[in-house]
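Dock chain B against the given chain A, drawing on the hints supplied.
Protein sequences, first through last, are from chains A and B. In this text, residue positions in the first sequence follow my numbering: the first is 1, and each later residue adds one. In this text, residue positions in the second sequence follow my numbering: the first is 1, and each later residue adds one.
By construction, these hints were calculated from the structure, which means they are not laboratory data. Hints are supplied without guarantee of correctness; some may be wrong.
Keeping only pairs whose Cα atoms sit at most 30 Å apart, straight-line, the calculated DSSO-like set for lysine-lysine is [to be verified]:
id: 1; chain 1: B; residue 1: K5; chain 2: A; residue 2: K337
id: 2; chain 1: A; residue 1: K204; chain 2: A; residue 2: K3
id: 3; chain 1: A; residue 1: K280; chain 2: B; residue 2: K5
id: 4; chain 1: A; residue 1: K284; chain 2: A; residue 2: K256
id: 5; chain 1: B; residue 1: K5; chain 2: A; residue 2: K368
id: 6; chain 1: A; residue 1: K337; chain 2: B; residue 2: K56
id: 7; chain 1: A; residue 1: K536; chain 2: A; residue 2: K256
id: 8; chain 1: A; residue 1: K158; chain 2: A; residue 2: K169
id: 9; chain 1: B; residue 1: K4; chain 2: A; residue 2: K170
id: 10; chain 1: A; residue 1: K322; chain 2: B; residue 2: K4
id: 11; chain 1: A; residue 1: K324; chain 2: B; residue 2: K4
id: 12; chain 1: B; residue 1: K56; chain 2: A; residue 2: K322
id: 13; chain 1: A; residue 1: K276; chain 2: A; residue 2: K256
Being a predicted model, the structure only gives us computed values, none of them experimental.
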Amino acid sequence: MMKGLGASDGYGIGRVMLISEKNLEYTPKEIADVEAELERFRASVKTFTAETLAQAQTVRETVGEKEAKILEGHISIIDDDFMRGEIENLISAHQCAESAVEQMCQMFIDMFMASGDELTMQRAADVRDVRDSMLSILLGVNEVKISDAPAGTVLVVKELTPSMTAGIKKDNIVGIVTETGSQTSHSAILARAMEIPAVLSVPKALAQLSTGEQVIVDGFNGDVVTAPTPEVIEEYTAKRDTYLREKRELELYRGKPTVSASGEVYELCCNIGTPKDAGKAMEKDGEGVGLFRTEFLFMDRATLPTEDEQFDAYKTAAVVLKGKPLIIRTLDIGGDKEIPYLGLEKEENPFMGFRAIRYCLKNRDMFKSQIKAILRASAFGDVRIMFPLITAVEELREGKALVEEAKSDLRASGIEFNENIPVGVMTETSASGVIADLLAKEADFFSIGTNDLTGYTMACDRGNSNVGYLYSPFQPSVLRLIKSIIENGVKAGIPVGMCGEAAANPMMIPLLMSFGLTEFSVSAVSVLKVRKNIAKWTKAEADEVAAKVMAMATEKEITDYLKTVI
Amino acid sequence: MVSKKVTLVNAQGFHMRPADDFVNAVKKFPCKVTMMHNGKSVNLMNKMFIIASAIKCGQEVEIICDGPEEEAALAELTGMIENGFGE
Numbered sequence: 001m002m003k004g005l006g007a008s009d010g011y012g013i014g015r016v017m018l019i020s021e022k023n024l025e026y027t028p029k030e031i032a033d034v035e036a037e038l039e040r041f042r043a044s045v046k047t048f049t050a051e052t053l054a055q056a057q058t059v060r061e062t063v064g065e066k067e068a069k070i071l072e073g074h075i076s077i078i079d080d081d082f083m084r085g086e087i088e089n090l091i092s093a094h095q096c097a098e099s100a101v102e103q104m105c106q107m108f109i110d111m112f113m114a115s116g117d118e119l120t121m122q123r124a125a126d127v128r129d130v131r132d133s134m135l136s137i138l139l140g141v142n143e144v145k146i147s148d149a150p151a152g153t154v155l156v157v158k159e160l161t162p163s164m165t166a167g168i169k170k171d172n173i174v175g176i177v178t179e180t181g182s183q184t185s186h187s188a189i190l191a192r193a194m195e196i197p198a199v200l201s202v203p204k205a206l207a208q209l210s211t212g213e214q215v216i217v218d219g220f221n222g223d224v225v226t227a228p229t230p231e232v233i234e235e236y237t238a239k240r241d242t243y244l245r246e247k248r249e250l251e252l253y254r255g256k257p258t259v260s261a262s263g264e265v266y267e268l269c270c271n272i273g274t275p276k277d278a279g280k281a282m283e284k285d286g287e288g289v290g291l292f293r294t295e296f297l298f299m300d301r302a303t304l305p306t307e308d309e310q311f312d313a314y315k316t317a318a319v320v321l322k323g324k325p326l327i328i329r330t331l332d333i334g335g336d337k338e339i340p341y342l343g344l345e346k347e348e349n350p351f352m353g354f355r356a357i358r359y360c361l362k363n364r365d366m367f368k369s370q371i372k373a374i375l376r377a378s379a380f381g382d383v384r385i386m387f388p389l390i391t392a393v394e395e396l397r398e399g400k401a402l403v404e405e406a407k408s409d410l411r412a413s414g415i416e417f418n419e420n421i422p423v424g425v426m427t428e429t430s431a432s433g434v435i436a437d438l439l440a441k442e443a444d445f446f447s448i449g450t451n452d453l454t455g456y457t458m459a460c461d462r463g464n465s466n467v468g469y470l471y472s473p474f475q476p477s478v479l480r481l482i483k484s485i486i487e488n489g490v491k492a493g494i495p496v497g498m499c500g501e502a503a504a505n506p507m508m509i510p511l512l513m514s515f516g517l518t519e520f521s522v523s524a525v526s527v528l529k530v531r532k533n534i535a536k537w538t539k540a541e542a543d544e545v546a547a548k549v550m551a552m553a554t555e556k557e558i559t560d561y562l563k564t565v566i
Numbered sequence: 001m002v003s004k005k006v007t008l009v010n011a012q013g014f015h016m017r018p019a020d021d022f023v024n025a026v027k028k029f030p031c032k033v034t035m036m037h038n039g040k041s042v043n044l045m046n047k048m049f050i051i052a053s054a055i056k057c058g059q060e061v062e063i064i065c066d067g068p069e070e071e072a073a074l075a076e077l078t079g080m081i082e083n084g085f086g087e
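Pulled out of the complex, with its shape left as it was, chain A reads as follows (with noise of 0.2 Å):
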């Protein structure tokens, strides 16, 4: 077995096909007749142009539009008025078209690496592609032909290159492997765009394998199986059934309302980490954000960030998510996330110590910044304010007064922003469960926190393997306090969701769906799954599962029960 890192997802069970990187070495040597050269370096270009297109167009057909802009995108590399006369410069001073392609080239590629920025850095790929692809015309050397696999075929090589893609048949290629590429490579995305389950990063994966021997591609765990039994054979082969069917009844989701079996229309949203995320979450059909944690903005630096760096992160967002929704929790520090130079003292206890909207009412410079920043962006599409870890109706209030504060500050310079912008609660304590009556009064929307509210709830740690079983949203105590906020919440008339990862657990829907929860919010890869979920019930079954389960005595009976109607 070898190790890799699994990047497309899937299991393909297939013989494996290597493709050795092609030699394109070749002699420098001065050139006597500029002109033939310049003909032939001009020529060459036109054949890769030609090449290109045609690659291109068999890649939008088989692969998609993107990759086939891709693809385009490598003509203008090279194909280029500044790009040319540099190259025709070097031969005109009598060097073969050869080394001027690869000198130019080769200027980029170490621009590119010597940018530290990871996106940047697999641009490089792009142009060595071209330089390759360059060096095989002016070189007469011939392609492989990847086109030439027959069905079952595990294409095995240094990395997959766009300008590849174009001879893949999706139908016969089963599994990729290639030796470098990381998550975000051309080699990952392209894999994904095909669906073709891949391995990356396999090293030395053309010496140990070898063509024609049966193998199987792992693409969730990046596993490698060489010389499979036949009952490893027979476990991936109804392991991939599986995964392929599933898949395709998730499909049916894409693109269509969150609704019940009965009709009652859900929202379902994504929890976010970065602007980036934005984009994910868009991609993967959710209908906005439920969370967009800011804890990243302030990590991994020496400072604080200023308020027009978080303005342009949370306008990002804003921005890419045209008009959805956009909830955006103020810092949650303290507890297990540290910053160093906000200079916390170590406490006995961080968890019921001096974090998130605690120790942002005492540093209310840093707070109102955050706040502004956040009012900013709201001019640029449905933004909403969460705090986290509210146990009071004063730190609401406080919280509440200095929105107002920043936005008469706001005002006083002539900056946009929303003057309703939404604020409410993250309900992730036992004590904002209790009061969740008070506070509907006073805030716009609530949010439940089921990690934290567990947590708090059972006085326990889940990492404490002592007492980690206590730890489940399922226990009495946590569902009665869930059920309360929800019912205060839709009582108050204000939207109720969940952003915990209780809200994807296929157990937990009918309980939520019953109690009036009015938005989802979940990972981007669990959305699909989270509306299959949903369309499983009507109303009335899942009252009548939460009716029983709210009068079962222990986790272990509602779990059992659980199990049983999903």
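Relative to the frame of chain A, chain B by itself:
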């Protein structure tokens, strides 16, 4: 001379296509165009230099236009960035 600071809003930042579109738009105008990022001037001769500058989503650049049609150039170029290059 006119100038304006704008923030990149598309998730991928200045990648291949936006950089290409941007350089082509710069070439359309007769005025001198400068783009400042992190206190440095970015070479606008070729998209590859823009990509090498690794300007990311959420970061700010300043566009400076000087010469004939400077107002129109500034409006078009900053507009492209503010619209996330149509992404």
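For each hint, the structure was consulted:
{"no.": "1", "hint": "K5/B x K337/A", "verdict": "violated (34 Å)"}
{"no.": "2", "hint": "K204/A x K3/A", "verdict": "holds (11 Å)"}
{"no.": "3", "hint": "K280/A x K5/B", "verdict": "holds (27 Å)"}
{"no.": "4", "hint": "K284/A x K256/A", "verdict": "holds (12 Å)"}
{"no.": "5", "hint": "K5/B x K368/A", "verdict": "holds (24 Å)"}
{"no.": "6", "hint": "K337/A x K56/B", "verdict": "holds (26 Å)"}
{"no.": "7", "hint": "K536/A x K256/A", "verdict": "holds (14 Å)"}
{"no.": "8", "hint": "K158/A x K169/A", "verdict": "holds (19 Å)"}
{"no.": "9", "hint": "K4/B x K170/A", "verdict": "violated (47 Å)"}
{"no.": "10", "hint": "K322/A x K4/B", "verdict": "holds (24 Å)"}
{"no.": "11", "hint": "K324/A x K4/B", "verdict": "holds (28 Å)"}
{"no.": "12", "hint": "K56/B x K322/A", "verdict": "holds (20 Å)"}
{"no.": "13", "hint": "K276/A x K256/A", "verdict": "holds (24 Å)"}
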